[in-house]
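Chemist: Protein chains in written order, with the numbering used here: chain E, 1 to 286; chain R, 1 to 352; chain B, 1 to 277.
It should be emphasised that the hints constitute simulated quantities derived from the structure, not laboratory data. Among the hints, a few may not be true.
Capping the alpha-carbon separation at 27 angstroms, the derived lysine-lysine pairs in BS3-like fashion look like this [stated by the list, open to error]:
| hint | chain 1 | residue 1 | chain 2 | residue 2 |
| --- | --- | --- | --- | --- |
| 1 | R | K42 | E | K118 |
| 2 | R | K135 | E | K118 |
| 3 | R | K275 | E | K87 |
| 4 | B | K134 | E | K7 |
| 5 | R | K109 | R | K144 |
| 6 | R | K42 | E | K101 |
| 7 | R | K135 | E | K40 |
| 8 | R | K278 | R | K256 |
| 9 | R | K92 | R | K135 |
| 10 | R | K280 | B | K63 |
| 11 | E | K7 | B | K142 |
| 12 | E | K218 | E | K101 |
| 13 | B | K93 | B | K70 |
| 14 | R | K134 | E | K87 |
| 15 | R | K280 | R | K196 |
| 16 | E | K87 | R | K72 |
| 17 | R | K83 | R | K144 |
| 18 | R | K135 | E | K87 |
| 19 | R | K72 | R | K174 |
| 20 | B | K63 | R | K196 |
| 21 | R | K108 | R | K88 |
| 22 | B | K102 | R | K280 |
| 23 | R | K256 | B | K177 |
| 24 | R | K83 | R | K126 |
| 25 | B | K102 | B | K248 |
| 26 | E | K118 | R | K74 |
| 27 | R | K42 | R | K108 |
| 28 | E | K267 | R | K83 |
| 29 | R | K135 | R | K275 |
Remember, it's a predicted structure, so these values are computed and weren't measured experimentally.
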Amino acid sequence: MKNFFFKIYMLAFMALVVFFMVVIWKVTFAHILHEYSNRKQAQEISKFKEEREEKGKKSNFEKIILESEERVKRYLGYRILEEVRIKGHFHHIGFDIGPDKRSYCINCHGDMPHDAVKELRAFLNMHAFFVGCETCHVRLDGQEKTGIFKWYDRKTGDIVASPVKKSSPGSFKAKIIPFEKINGTIQRVDSQDRIDFALEYRSREESLTEAQKSRAKKLLHKIVAKQPYICEDCHQTENPILPFDAIGYPKERIDSITSTEVVGMIKNYTKFYMPNMLHPGETLKK
Amino acid sequence: MIKTRIQKSCFIIFLPLFLTITFALLSSSYAADIGNCLLCHKYPGISRVDEEGRMRLFYVNEPIYNNSVHAKVKCEGCHTDIKEIPHKPAKKVDCLVECHIVEPSTEKKFSHKDVEGFIQSSVHGKVDKDGNEKKYAEDYPGCKDCHDNPLFRPLSFFKRVRPGISEQSLSRCKVCHKKEEFVYQFYNHVTTRLHKSRNPLNIAEMCGRCHDDPALVARHELSTKAVISYGETFHGKAASFLDERIPDCLDCHVNKGDSVHQMLGHKDPASSIHKDNKGKICATIDCHPSASPKFATYGVHAEFNLTQSPAQYFFTFFFIVLTGGTLLPLMGVIFLDLLRRFFPHATIGRRK
Amino acid sequence: MEKYPMIKIKDGKKYFYRFSLNQRIQHIILAVTVVLLVLTGMPLKFHDASWAPYLYALFGGIKYAPVVHKVNGAILMLLFFYHIFYLIYVIRKYHIEPLKKKGELGKWDAVKTVLTQKMVPNLKDALDIRDLMKYLFFLTNKRPDGDEMTWKEKFDYWAPFWGMVIIGFSGLILWNKELFTHIVPGGVLNFLIIAHSDEALLAGLFLFIWHWYNVHFSISVFPMGTVFLTGYLSEELMVEEHYQYYVKIMKKAGLEHEILPPHGAHEHEAHEGGASS
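Chain E on its own, in the form it takes in the complex (with noise of 0.2 angstroms):
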C-alpha cells in the first residue's frame, strides 16, 4: 500500500518538476527570446515608421472593437473606483451592469440598437437599458394580449421581484418583459423555445441559402409588430401600456414618469420627430 502511494507521489512529483522546469524556461531563456522578437519589431516599426502609420490608420477590428473595452480602477485613498474607461469620455460611469444575457434581440441588434432618429436614439436606448426590446416591439392583441409584464434578471434571465425601489432610476440590473397567453397558458413572450431558434439560425447562419435566411428571418421577426409602442403610450396617466403600479413603481416615480415635466418634452420631441418615428421599421434597422 505504501509502495503504491510512493508510485503515485513520484509520478506527481515527476509533472511538477516538468512544470516548473516549464516555468524556468519561460523566466530565462524564453525571455531572451521575447527581449529579441521585441527589439526586431521596434526595428520594423522604425523602418517602416511611415507604412505602419497607414497601416495603423486602416480600420482593423481588433483595434477598433475589441480594444475599446479597457477597464480603469481609480485609487481615491477611501474607496477604489473601478469602471469602463471609454475614450475621450470626461464623466465617471462609476459602475457596471452586465450585458443582457437572455433577450432575444440583442445577438443580433446589439444593446445599443436605436439609431434611425437622430434626435431620439439616445433616449431609445436608455429605455432599451431596462425595457426588453419586446415590451415595446411587440403588440399583443385580442386572445394574446395578457397585461402582464414583470422584470427579469439580465444575467441570468430568470424573472425577478421589481427592482425598482432598491436602484437609482434606470440602473436597474433587470429588464421589463411582456408575456403572452398561447392556448390558455401565460408565458413570457421571450419564450425559451423562440430564443433556441434564435440561437440556432445564429449559428447554421453561414450554412444556409438565400431563402433559407429570408424565411428565418421572416420567422424571426414574426412577433415584432410593424409599429411599435411610442413613448406617449406609457408617458401618461389615462391607461398607460406598462402597469407601473404592478411592476413596483412606487407613486412618486409614475407621477414623475407622467409628469408634465417628461410629457412636456415628449409632447416637444413629437411635433418635431414624431413624421420620422412613423415610418415603420425604421428604428429597428440596424
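Since chain E is already given, all that's left is putting chains R and B on it; use the hints.
Modeler: Relative to chain E, chains R and B alone:
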C-alpha cells in the same frame, strides 16, 4: 509593466472604513443641476453609437460627479451651447471656456485658459517654437487624453493622516460656515490639493496610454517605453503596490513649483531632466536628501533591450543563462532520479 | 569536535554524526531568514503576478515588507560573517594548529589544508557525477559511492555561499544607495539591482527545488530528513549517499562485520519485501 488588473489587496483593507463616509455624505443633491439635466441624464443607458462608430455615453453619475472637482460647475457651465430641453446634439466641450464660477482671489471668471499656454510651450504642444505644426501632430495630447473628471481624494489630518474626510474637522468648519455644501466642497478641494489628486499608479497608467505604445514610441523616436521601464524600477513596482509616497512621472519630469503642464524635453536646458539639472532631481527633501548628484545617473528608464542599454542587457543575459543553465540540468537530474526509482533494475546491457 | 561520537546507536539502529549543534543553529537561522527574504523579495520582482499583492500584503505591503526584508538581510549578513569567522577558527584549531604542534607545517601545507577541506570540490565529485549519470541513464545499477560530503552537498553549500556574496553585498549597497553613490555613479545601481534580484531568483529556486528535493521530497527521505535537527544520519541513507565514507567510519569503529552491502539500486527492494510480507 504596471497593470490595472492587479488586485490591490492592501487597500481593500481600508475600504470599509472610508467607503461609507464620503459617498453617504455627498450623495445629497447639489445645486449643479439647475437645468434639471439629470431628468434624462441620470439614466445609465442614455447612449448611442456615433457616425464614427464610437460609443457615446451621456450618462452622468450624480454622486460621483458631486464628488469631483467640478461639482459646483453647472452642466451649462461647460456645455455652453445647451440652452433648453430637449436639445440638439451638443457641441464638444471647450475646456478653456470661462465658466460661471468666480475665482475668489481675483474675482474674475474662472478658466483653464492658462493651461493652453503651458502646454503650447511644453514638449506636448502641437506646434514648435516657430509656430509650425509638429510632425504627427495628432499624437499630441488634448485635455481629455490625460484628464477625465478629477475626483476628490480628501485627506484627514485630525489625529493622523489618512485618506478620507475627518468628521471632526468638518464639525469645526461648520461652526462658522453654515452652508453644508460649501463646507464639503471646500474641505474636499483643499485636502485634495494638499497632495496628489491622482495616485502614482493612475498617473503612470495615464502617461503609459501613449508612452507605452510601441508605434508611438517609434514614430517620435523616444528612447523608451517609459512606463514599462518605470515599472521595472523600485519606484514603479512600489507604485503598482499603491504606494502614495513614491515618485511618479510628474515628480521627476516637471520642475518643482511649475505646472505639470510645463513638461519639457530632455534637450531643453530649462528642463528638470536636462543633463545639467538631472542631479538635482533625486536629492530633494522629500526623496533622497543625502544623495549626491551622481545618484541621478541611475538609469531610471533602462530596458532589457540590447539596443537601448547593451551593458545591462548582457549583464542580465549572464544571470539568465546562469539561472537557466544551473536549474534546468539539475531539474533534469531530479526527473531522471524519479524515473530511475520506478525501474531500479532496468539496466541496459549487462545485468547483475 | 570530539564531544560528538561518530556512531550513535539508538533502538538497535546506527546513526552517523554529520553536523554539530553550532552548524545546525547556523543552518536554521539561514533557512528562516532566506525563506522570509524570498517571501518579501519575490513579490517585488514579480510585481505584476496575480499573487504578488496578496503575498506582499501579508508582510505589511509596500510600507513594511521592505523593512522585514532589510532586517532579515541584516541577520543573514551577520550570519555570513560569523560563518567566515567560524570557518577560519575551525580550520586553524583542528587542522593547522595540530600540524604546527607536530612541526610539520611547511610552506604550502596551510594552502593544502584549506584545499583538502571536506567541503572543497575535488576530482571525486566529478567522478561521482559521471557515475550518477551512468546510473540515471540506466547504464548501471550501481549508485556512486559518495564520500563524507557528496557533490550535491557541496553544491548546496557553495551555491548559497556565492549567492550570499552577490546578493548580500548588492543588497547592502542598494540599502545605503545614497551613501555609496557619493563614491560610485548611480548607474552602478542598475547592475546591482539586476544582480540582486536575478541571483536571488536563482538561489531561491535552487533551494526550493534542488535542496528541498534532496532533503525533503525525495522518497528516500520523505517527508523530511531529520539530520538538520538531530545532526545524525540514519544508516540507510548513509549507505545510499555516502557509501565510501560509511565503510571508512565502520572500519574505524571496528565494526567491519556489520557493514551493509552497497545500495545496488534502491531501498525499494526492502520496501517491496516489507509490503509483501
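Chemist: Each hint: holds or not?
Modeler: Status of each hint after checking the structure:
no. : hint            : verdict
1   : R:K42 / E:K118  : 20 angstroms, holds
2   : R:K135 / E:K118 : 37 angstroms, violated
3   : R:K275 / E:K87  : 35 angstroms, violated
4   : B:K134 / E:K7   : 23 angstroms, holds
5   : R:K109 / R:K144 : 22 angstroms, holds
6   : R:K42 / E:K101  : 24 angstroms, holds
7   : R:K135 / E:K40  : 24 angstroms, holds
8   : R:K278 / R:K256 : 12 angstroms, holds
9   : R:K92 / R:K135  : 25 angstroms, holds
10  : R:K280 / B:K63  : 26 angstroms, holds
11  : E:K7 / B:K142   : 21 angstroms, holds
12  : E:K218 / E:K101 : 23 angstroms, holds
13  : B:K93 / B:K70   : 34 angstroms, violated
14  : R:K134 / E:K87  : 23 angstroms, holds
15  : R:K280 / R:K196 : 21 angstroms, holds
16  : E:K87 / R:K72   : 25 angstroms, holds
17  : R:K83 / R:K144  : 24 angstroms, holds
18  : R:K135 / E:K87  : 23 angstroms, holds
19  : R:K72 / R:K174  : 19 angstroms, holds
20  : B:K63 / R:K196  : 18 angstroms, holds
21  : R:K108 / R:K88  : 31 angstroms, violated
22  : B:K102 / R:K280 : 65 angstroms, violated
23  : R:K256 / B:K177 : 23 angstroms, holds
24  : R:K83 / R:K126  : 33 angstroms, violated
25  : B:K102 / B:K248 : 25 angstroms, holds
26  : E:K118 / R:K74  : 26 angstroms, holds
27  : R:K42 / R:K108  : 32 angstroms, violated
28  : E:K267 / R:K83  : 18 angstroms, holds
29  : R:K135 / R:K275 : 25 angstroms, holds
When each numbered hint is compared with the structure, violations occur for hints 2, 3, 13, 21, 22, 24 and 27.
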